[in-house]
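Could you slot chain B onto chain A? The hints should help.
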Amino acid sequence: MRHSMYLFLILSTFVYSSDFYYQNKQKVYLEKVSNSFRSYSNVDTFKDENNMTFGVSDEIVIELDEKIMSIEKIVAKYPLLKVEKIASRYYRCKVQERSKIFKIAAKIYHEQGVLSSHPNFIRQKYQR
Amino acid sequence: MIKTLFLALLFIFFASCGGSNSSNTSPNIQTTPLVDQSLLIDNRVLTLQDPYRKYLWHIEYSTHSDFNQYYQIHSEASANIAKAWELSKGEGVLIAIIDNGFDVTHEDLKDNIVLTYNIANKTSNVSNEGISTHGSAIAGIMVASSNDVGSIGVAPKSKIVLIQDSLLSSDADIIEAFDYAQRSGARVVNCSWGTNAVSDVVASKIRELYDSGIVVVFASGNDGLSLDRASISDESELAWVLGVGSSSEFNTKSSYSSYGRSIDILAPSGEYMGIVATDDYGIYQIGDKERLLDDGYTFFSGTSASAPVVSGIVALMLSVNPNLTPEQVREIIISNAQKIGGVDYIAGWNRKYAYGKIDAYASVLAAKEY
Chain A
1 MRHSMYLFLI
11 LSTFVYSSDF
21 YYQNKQKVYL
31 EKVSNSFRSY
41 SNVDTFKDEN
51 NMTFGVSDEI
61 VIELDEKIMS
71 IEKIVAKYPL
81 LKVEKIASRY
91 YRCKVQERSK
101 IFKIAAKIYH
111 EQGVLSSHPN
121 FIRQKYQR
Chain B
1 MIKTLFLALL
11 FIFFASCGGS
21 NSSNTSPNIQ
31 TTPLVDQSLL
41 IDNRVLTLQD
51 PYRKYLWHIE
61 YSTHSDFNQY
71 YQIHSEASAN
81 IAKAWELSKG
91 EGVLIAIIDN
101 GFDVTHEDLK
111 DNIVLTYNIA
121 NKTSNVSNEG
131 ISTHGSAIAG
141 IMVASSNDVG
151 SIGVAPKSKI
161 VLIQDSLLSS
171 DADIIEAFDY
181 AQRSGARVVN
191 CSWGTNAVSD
201 VVASKIRELY
211 DSGIVVVFAS
221 GNDGLSLDRA
231 SISDESELAW
241 VLGVGSSSEF
251 NTKSSYSSYG
261 RSIDILAPSG
271 EYMGIVATDD
281 YGIYQIGDKE
291 RLLDDGYTFF
301 SGTSASAPVV
311 SGIVALMLSV
321 NPNLTPEQVR
331 EIIISNAQKI
341 GGVDYIAGWN
351 RKYAYGKIDA
361 YASVLAAKEY
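Those protein sequence lines, which keep their order, are chains A and B.
Residues 1 to 128 in this note's numbering are what the first sequence spells out, letter by letter.
Residues 1 to 370 in this note's numbering are what the second sequence spells out, letter by letter.
For reference, chain B alone in the conformation it holds in the complex:
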């Protein structure tokens, strides 16, 4: 009897220890993450004065008046991110990027990369050789370091795990990618891609991440059409992801941004003028023609670029309140969105504008006070 009582007390003691430990990160993450939590601590004092800050119209209205006038940047086109930096810069949050083509040596990325994985060959070798630099561009929008060179990401103190896969992926590959993201300890997963035809197993795996406290963000697509067509069942429409469309430098929905009943929010990436990203094909983009940016940087538009703006803002939110669930994150984002475009929002929602444009400061503040 005494032995049984002792064992029961021992069990309660260890159970309570486990609960206490897990509440420091996420209440729902069960296993030891691949990324040691100490790697997420970033004690650097950031000046946030990198040279391209004057072009970051998605972060704040630029003080560079010539730039604003020439590219017709609306004074309220940003996602109000600079003000959100007063509350957080993304400390302590790991973001996974499932994409293709990463430059791990990039001057604005290397300090924030803590883990890499290649689905194709099951190694840590990821690169951009022979493939696009799409993944690098996404990473820079999200977490480019504030290091007095180049650009600044939305969450410059968050860390990233890069998961590289192929543009032709099997369902099993996609499940493996999400599983790796989950095991890494990431609280946010950015997906600037879609298949228009998500399978049951992939949808189920993404649901598993949602249930374990991970926010999964998908880009809605760039064909400018409704996703509510019968032929489309896109990842961005799943109920347990944040579906992201694009807003323009004119503070309207970008004309190419796909929309639908299941899309949640817009974020800036521009109609003609993209947002500053870290990659090497900038010579084809507007802005680079005027030689505004050096090699290794570009202006990048598309819902691919909007999704990492949202992922970065989610990282800022989780940094101030790590106990938020994905459902709570979504609720905060949509209830604090800016109702742009001069269109009617019925019960807060518009068919093409979703719940409006994300407001970083309002969302992070609400997350802090939640």
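Isolated chain A (complex conformation):
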């Protein structure tokens, strides 16, 4: 099962031309841009269709309906290295291959009992 998942992820790189994630059940497409956050060494920068920029490292954040899905089942099925529970039903997970982070997050999103799954975006917070 795990091998077929790897095969799917490899093949899927030829099918999809853009990175995307799910927000409010809609696909949000992102474009990689060259500048990086200076204070993060392991972060790529993306911008969305509205020119909002986000940092993306090798982490995804997952919200579960734990009556239906457990994090153990997710870990058993997908190439995740490290899992940290950050709050009730919220998990921060490292992926094995950073280049496939969007695809892994999107696949997990479609699992029953997964409420949210997307890269652990790094955002600029604006003091007001």
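Don't read these hints as lab results, they were simulated from the structure.
Computed from a predicted structure; not experimentally measured.
There could be a bad hint or two in this list.
[Claimed, not checked] Chain A side only, calculated, beta carbon under 10 Å to chain B, not exhaustive:
#, residue
1, GLU59
2, GLU63
3, ILE86
4, SER117
5, HIS118
6, ASN120
7, TYR126
8, ARG128
For every residue, glycine included, the Cβ atom is placed at its ideal position computed from N, Cα and C.
Using the frame of chain A, we list chain B on its own:
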């Protein structure tokens, strides 16, 4: 059979005990809070005569006529807070502040801080070294002690938990911050920041706080534009937060205050003349140029400063009626707002002025009688 009946009665007994205990704080908070409730009791008799009271135009119309005239303070520009102090000073309520740069030794803050947490290093160490003092300023507007020095906060007897994070935060960090606020036992969470692009997981976590009886307050932003643009999905627009804009010393909407369909209320923080806050960069602010304030204080304008005015008023409301839900708090605030600015309010609402300016006394009184 008798054993089963006994067990059922035992269950009912313990269940009823649990309900009784929880109703003393919030009916919806399930777990034991990190902050012991005894720390929220403040039996001090407050004189409310701290030296900078004469400059607190957001609290009441000052008796300092020169100050009013020079800075053109409108006689009705305040949020009617001094009168609300006749009903409550915020006793028994814990407020969480998620922000950046806290001076925990400040003379007007230290007595009301009961818990601190740093998201970055998972310790209790928070500070303002090498970063701004934005968090200190917010804290002072909200809960500066009445201790015969400096200023007075909107809810001077409420206690605060300071949660420090970075200006570059991951979604997981933000979730952790809200989770800590929730576990602390706070009934109000102040957020004088925004990302313009809230994620699903963060929105869901904030909804969880709302459902557990916690009022989350966000500043609307200072670009003076509508938040209803397609490119913006800001935290202050979420249906389960109080979105706060700024009103001016002229008793109008501040020109920089962002607005939109989802913003609920305005609160004073000024157009040119800010409101007194507790921090150290006052030399750049109007008022300090005339040397009105000592080091450690400033006049601070912006929706960042308006949000803690609302958070403090919510604390006053919850102090007189701890059973209010966030939905009821919002309903009371918007139905008791002052319709300022000489603009039309259709069904009580105006596109730029939202439901108007918050009225502390009317809101606390309505909360008490709710």
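Hint-by-hint comparison with the structure:
1. GLU59: 7 Å, holds
2. GLU63: Where the cut-off is 10 Å and the nearest Cβ of chain B is about 5 Å from GLU63 of chain A, the hint holds.
3. ILE86: 5 Å, holds
4. SER117: 9 Å, holds
5. HIS118: 7 Å, holds
6. ASN120: With a closest approach of 5 Å, the ASN120 of chain A hint holds.
7. TYR126: At about 6 Å, which falls below the 10 Å cut-off, the nearest Cβ of chain B leaves the hint on TYR126 of chain A intact, so it holds.
8. ARG128: 4 Å, holds
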